[in-house]
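Student: Residue-level listing of the chains:
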Amino acid sequence: MTISINMKKIYLDYAATTPVDPEVKKFIQPYFDEIFGNSQSLHSIGQESYRLVETARNFIANMLNCQPEEIIFTSGGTESNNTAIKGIYFAHRNLRIKHIITSTIEHHAVLEPVKFIVENFKDEGAYVTYVPVNSKGIVDVEKIFESISENTILISIMHANNEIGTIQPLKEIGEHLQKINKQREKENKPKIYFHTDAVQTFGHIKVDVEELKVDLLSASGHKFYAPKGVGFLYIRKGTKIEPLLHGGGHEFNMRSSTVNVSGIAGLYKAAQIAQDVMNEENERIKRLRDKLLDGIISKIPDVVVNGDLNNRLVNNINICIRGVESEAVLLALDSEGICVSSGSACSSGSLEPSHVLLAIGVDPVVARGSLRFTLGRFTTEEEVDKVIEVLPKVVDKIRKISPIA
Amino acid sequence: MAQYSEKVMEHFMNPRNVGEIADADGVGTVGNPVCGDLMTFYIKIAEDGKTIQDVKYKTFGCGAAIAVSSMVSEMAKGKTIDEVLKFTRDMVAQELGGLPPQKMHCSNLGVDALHKAIEDYISKKKIHPVLCKCPFCDGELPCAEIMECQKCEKRIVKCPHCGNLVEYKETCSICGKKM
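Taken in sequence, the protein lines are chains A and B.
Basically our numbering = 1-based index in the first sequence + 88.
Basically our numbering = 1-based index in the second sequence + 10.
Treat the hints with care, as some may be off.
As the list claims (entries may be wrong) - Cβ pair distances, simulated, as ranges:
#1 B:S15 <-> A:V478: 23 to 33 angstroms
#2 A:S344 <-> B:R26: 33 to 43 angstroms
#3 B:H171 <-> A:K488: 11 to 21 angstroms
#4 B:M101 <-> A:N208: 39 to 49 angstroms
#5 B:K96 <-> A:K481: 53 to 63 angstroms
#6 B:E20 <-> A:D296: 50 to 60 angstroms
#7 B:K60 <-> A:K488: 22 to 32 angstroms
#8 A:P389 <-> B:D33: 51 to 61 angstroms
#9 B:D33 <-> A:K481: 45 to 55 angstroms
#10 A:C427 <-> B:S15: 19 to 29 angstroms
#11 A:K488 <-> B:E180: 46 to 56 angstroms
Said to hold, decoys possible - Here are the computed lysine-lysine pairs in the PhoX-like style, where the Cα-Cα straight-line distance is at most 20 angstroms:
#12 A:K231 <-> A:K259
#13 B:K161 <-> B:K68
#14 B:K68 <-> A:K485
#15 B:K126 <-> A:K485
#16 A:K481 <-> B:K68
#17 B:K66 <-> A:K488
Source of the hints: derived by calculation from the structure; they are not laboratory data.
These numbers were taken from a predicted model, which means no experiment stands behind them.
Beta carbons are placed, not taken as given, at the ideal position from N, Cα and C, and that holds for glycine.
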């Protein structure tokens, strides 16, 4: 496979975004100017687009183990999460009290819509419970079950965390909810819907909605080598939900907007490749990740590894380096051609330490030194070796400036 | 990540005057490592009592914080206390070719830390305003716990009880308490 990204740079930020796979890039080309039709148009050019979109929908549905009409294409993870959370809320507005349960380590694309609902609709009975996680970054399932009330309408728990890569016990939650919902059905009470943000997992590990027992699932193309600006939301048949976008009635009336045919073409091809290479790639990436982590720990003193190492995405390393601030390390690494992420939110203008690291109990000062390395399809062993060589030097240099030993 | 000027990156990559001064005349720390940056500045004052002879610092923070520390140390070295007290955050940012707006508040702390070190130096001096003169012959005294007068060669100490400068003996010649 040819490397499509700048060869001089070592890119270890695949959880932020991935380059478009060269095969995907090639596959998309005709959808810009040859098969460019509006998938709603009845003429042949439109119908060609329509066929591509439905082929893609079938393929994704197959991967997820659901029906094609349960998939709606969106612009990505944020839109899918917003549609799921606000859509479920708006469809249940008539209820006297509406309770949402989520975790403290969700992505902002879940936390913010939940916050929006609770802040704007508390007068009409909206409230939320944030369930904590343990020190390994795994959500407390018992606390979720305890939080469930008569009025709970939605539980949203991410599949894997974007910062520390920990995989959440969705199956356990889903099975328990199924039992509760059976009882509720008998009593003619509204169902509790189960949503998951699977942006970090779809295309990387097996995601089966029947196995996880979720009702809604968000995914994003650019996390698995498709272009940015395309994703999907799985909505189980029979779910009471309102759309965010009203208009021409596209996507089974759930998402009006002219269908992003070229984006969906990319999503389709990227999903195909992901399914083909998943097992093999995960083995290769895990070996490189383990080598990198071992190298870092053995060469740099005072490093804390964040999050469970077993229930974790195979490409993720999240560490805190004591005595340094991550942005300084990130800048120094960048000048050496190595691109990583500072696990903190400093980059977005806020200097607050990461909410995920604070949630797993990392000391706030230590959390300032967090770094995330996420490996991917184009990561090579030489690159890993280079990072193991460069990082200790960079850390040593910045530690010499630091007053915190 | 913030967009930094070339000057910021240059100072961040090659920070000047990093370190501590063991016998500093003044030390100043500002900041908060939980949500901002932390800086400690050390200064050494020249014999004239006015000129900043040496400046060093230790900084915990982002690239901007390190560049600011380096720039401030460079700006202050060789200047007089009066000149340095006129330094402002904006002057530092300007010298660095600008700083991103979100870094102005949390990272541009160098001037504050340096000013605090000068305040520390001034306040330390005020504790021993008479240290310079021997109470017996008016000769000069070096700054130390037990000071030997350079003229009459008497050994002088500051009594821990009454605070007067007296000859170094078992008991204070003024208050009579044991030293």
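Student: Does each hint fit the structure? Answer for all of them.
Tutor: For each hint, the structure was consulted:
no.: 1; hint: B:S15 <-> A:V478: 23 to 33 angstroms; in the structure: holds (24 angstroms)
no.: 2; hint: A:S344 <-> B:R26: 33 to 43 angstroms; in the structure: violated (59 angstroms)
no.: 3; hint: B:H171 <-> A:K488: 11 to 21 angstroms; in the structure: violated (44 angstroms)
no.: 4; hint: B:M101 <-> A:N208: 39 to 49 angstroms; in the structure: holds (45 angstroms)
no.: 5; hint: B:K96 <-> A:K481: 53 to 63 angstroms; in the structure: violated (39 angstroms)
no.: 6; hint: B:E20 <-> A:D296: 50 to 60 angstroms; in the structure: holds (53 angstroms)
no.: 7; hint: B:K60 <-> A:K488: 22 to 32 angstroms; in the structure: holds (31 angstroms)
no.: 8; hint: A:P389 <-> B:D33: 51 to 61 angstroms; in the structure: violated (30 angstroms)
no.: 9; hint: B:D33 <-> A:K481: 45 to 55 angstroms; in the structure: violated (31 angstroms)
no.: 10; hint: A:C427 <-> B:S15: 19 to 29 angstroms; in the structure: holds (21 angstroms)
no.: 11; hint: A:K488 <-> B:E180: 46 to 56 angstroms; in the structure: holds (47 angstroms)
no.: 12; hint: A:K231 <-> A:K259; in the structure: holds (16 angstroms)
no.: 13; hint: B:K161 <-> B:K68; in the structure: violated (40 angstroms)
no.: 14; hint: B:K68 <-> A:K485; in the structure: holds (12 angstroms)
no.: 15; hint: B:K126 <-> A:K485; in the structure: violated (26 angstroms)
no.: 16; hint: A:K481 <-> B:K68; in the structure: holds (18 angstroms)
no.: 17; hint: B:K66 <-> A:K488; in the structure: holds (13 angstroms)
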